[in-house]
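With these hints in hand, go ahead and build the complete structure from the sequences.
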Amino acid sequence: MTTSNKERQSQKKKQNKSSRGKKRWLWLLILPVLFILGFGVYKVSSELLGFAHEIYEGNRSNKLRDADKVLKNKKPISILLTGIDNGALFYEDVEDGRTDVMMVITINPEDNSAQVTSIPRDALGPIGQTDDFDKLNHAYMDHDLNWTIDSLQRYLDIPIDYYVSVNMQGFIDVIDILGGIEVTPSLTFTQNGVDFKEGETKKLSGEEAIHYARMRKSDPEGDLGREKRQQEIVEAVIDKVASIESVPNYKEILNKLEDNIKTDFKVEDMFTLQQNYLDALQHLDKQTANNYQDLNLPFGYYLYIPESERIRLSNQIRASLGLGKTNSAIVYPAEYQTPEEYFPIVDNNGNLILDSDDLPVKPGVYKKDDLDSQLMKWEQKNGKNSSQSSSQVNETPSENEVNQQSGIQEIPQTEGPGFSNNEGNALIPPNMPYQQPSENQIINGY
1 MTTSNKERQS QKKKQNKSSR GKKRWLWLLI LPVLFILGFG VYKVSSELLG
51 FAHEIYEGNR SNKLRDADKV LKNKKPISIL LTGIDNGALF YEDVEDGRTD
101 VMMVITINPE DNSAQVTSIP RDALGPIGQT DDFDKLNHAY MDHDLNWTID
151 SLQRYLDIPI DYYVSVNMQG FIDVIDILGG IEVTPSLTFT QNGVDFKEGE
201 TKKLSGEEAI HYARMRKSDP EGDLGREKRQ QEIVEAVIDK VASIESVPNY
251 KEILNKLEDN IKTDFKVEDM FTLQQNYLDA LQHLDKQTAN NYQDLNLPFG
301 YYLYIPESER IRLSNQIRAS LGLGKTNSAI VYPAEYQTPE EYFPIVDNNG
351 NLILDSDDLP VKPGVYKKDD LDSQLMKWEQ KNGKNSSQSS SQVNETPSEN
401 EVNQQSGIQE IPQTEGPGFS NNEGNALIPP NMPYQQPSEN QIINGY
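Under full-length UniProt numbering, the first residue of the sequence shown is numbered 1, with each subsequent residue one higher.
I should point out that these hints are in silico values taken from the structure, not numbers from a laboratory.
It cannot be assumed that every hint is accurate.
[As the list claims (entries may be wrong)] Distance condition first, Cα-Cα at most 27 Å in a straight line; then the derived DSSO-like pairs of lysine-lysine: (1) K325 - K367; (2) K75 - K325; (3) K63 - K75; (4) K251 - K266; (5) K197 - K240; (6) K63 - K367; (7) K74 - K266; (8) K217 - K203; (9) K240 - K251; (10) K203 - K286; (11) K286 - K75; (12) K325 - K286.
If you're wondering where the values come from, they're calculated on a predicted model, not measured in any experiment.
Next up, the structure:
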């Protein structure tokens with residue numbers, strides 16, 4: 001018996017519908033709030049619409065461009081995804097929580113590409129629209145999500161068009177409703193009583209998945225290793241969702257997540273995303289900070305991303321948004337013992353202590369031209385000429401560029417202002433000018 005054309009078309013239609021359904025659920029795990037799209041444009045229930053309206057927090061006043069116009073015109077967009085530590089596992093006494101996960105997702109429908117860039121939670125940077133510096137995740141803990149957005153927009157010199165904020169408890173609930181996920185650890189460790197063995201695939205509950213993603217101290221890669229496991233968890237959930245035809249108990253998921261997800265996406269924005277941006281997520285590129293150094297200071301632990309690496313991350317995100325290279329420069333307070341890459345640090349005020357009063361300009365975020373102008377004025381006033389043009393501080397070369405450099409194999413750790421010794425403690429030789437390495441030098445931790 002032959003299959004009629006009508007039957008073949010019906011089968012093909014069902015296969016395409018199943019494929020589209022899976023892709024929609026992949027979207028959910030990149031941006032969990034958008035899982036309302038997983039049931040299709042034409043099958044929107046009152047529960048789904050009610051959920052979408054409940055999690056919508058309204059438009060933001062700190063957007064750097066008309067995001068709705070960008071979305072409507074099918075231009076590249078940026079989305080901040082934050083995972084809020086609301087005390088679901090460890091910090092029961094923390095009311096406001098911290099942004100344990102910060103990922104900037106860019107989607108470019110023009111070249112069908114997408115990128116997720118993880119920002120270390122302990123990274124040192126400007127807080128809000130002030131010139132105060134702290135861990136970037138403290139912007140939320142001490143203030144609110146708008147402060148986090150302001151901090152990252154200034155730190156990375158990018159517009160954040162939309163945000164999705166997910167409490168950790170919501171992420172735990174979703175994994176449990178899906179029946180758990182599987183991961184294959186790249187190293188052996190124990191976290192909160194849960195054992196993970198290198199190379200052995202392990203099924204994890206939602207709580208175990210958070211334990212797996214959070215570990216840092218036993219990982220030789222530190223924060224970078226933690227970021228990789230966070231991305232691995234997202235991929236594992238994607239794989240789990242892609243392996244099933246539909247997600248059971250979706251009403252239960254809605255009820256669980258209603259209080260744990262907030263966004264500034266409107267309902268109509270979500271449908272626009274599904275129609276115009278969904279396919280690009282099939283080509284997701286992952287980015288992390290490759291170079292950084294630990295700052296173990298008397299007043300706390302911080303993670304410092306050198307300017308060259310910050311510029312690289314900024315330029316990658318900006319390129320994915322169709323923007324030109326960054327023109328930003330950050331001058332850090334001397335008290336954090338970071339290397340000032342735009343000028344040497346010397347004891348200008350003669351108090352035998354290197355502090356921010358010794359800096360020729362105030363700590364903060366600058367345009368490079370403005371920074372050069374202020375440095376020139378300071379030098380003319382004080383009869384000095386020790387700084388360099390900020391344009392000489394370039395982004396970190398890519399791995400391919402490093403491999404192509406002839407004669408450079410490995411350069412040992414260099415001692416200088418802000419570089420770390422073997423114990424990870426910052427070193428600042430008193431009154432020692434810091435010489436900026438040339439563009440072709442690759443220094444561990446620089």
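Hints versus structure:
no.: 1; hint: K325 - K367; verdict: holds, 12 Å
no.: 2; hint: K75 - K325; verdict: holds, 18 Å
no.: 3; hint: K63 - K75; verdict: holds, 16 Å
no.: 4; hint: K251 - K266; verdict: holds, 20 Å
no.: 5; hint: K197 - K240; verdict: holds, 21 Å
no.: 6; hint: K63 - K367; verdict: holds, 19 Å
no.: 7; hint: K74 - K266; verdict: holds, 16 Å
no.: 8; hint: K217 - K203; verdict: holds, 23 Å
no.: 9; hint: K240 - K251; verdict: holds, 19 Å
no.: 10; hint: K203 - K286; verdict: holds, 24 Å
no.: 11; hint: K286 - K75; verdict: holds, 20 Å
no.: 12; hint: K325 - K286; verdict: holds, 20 Å
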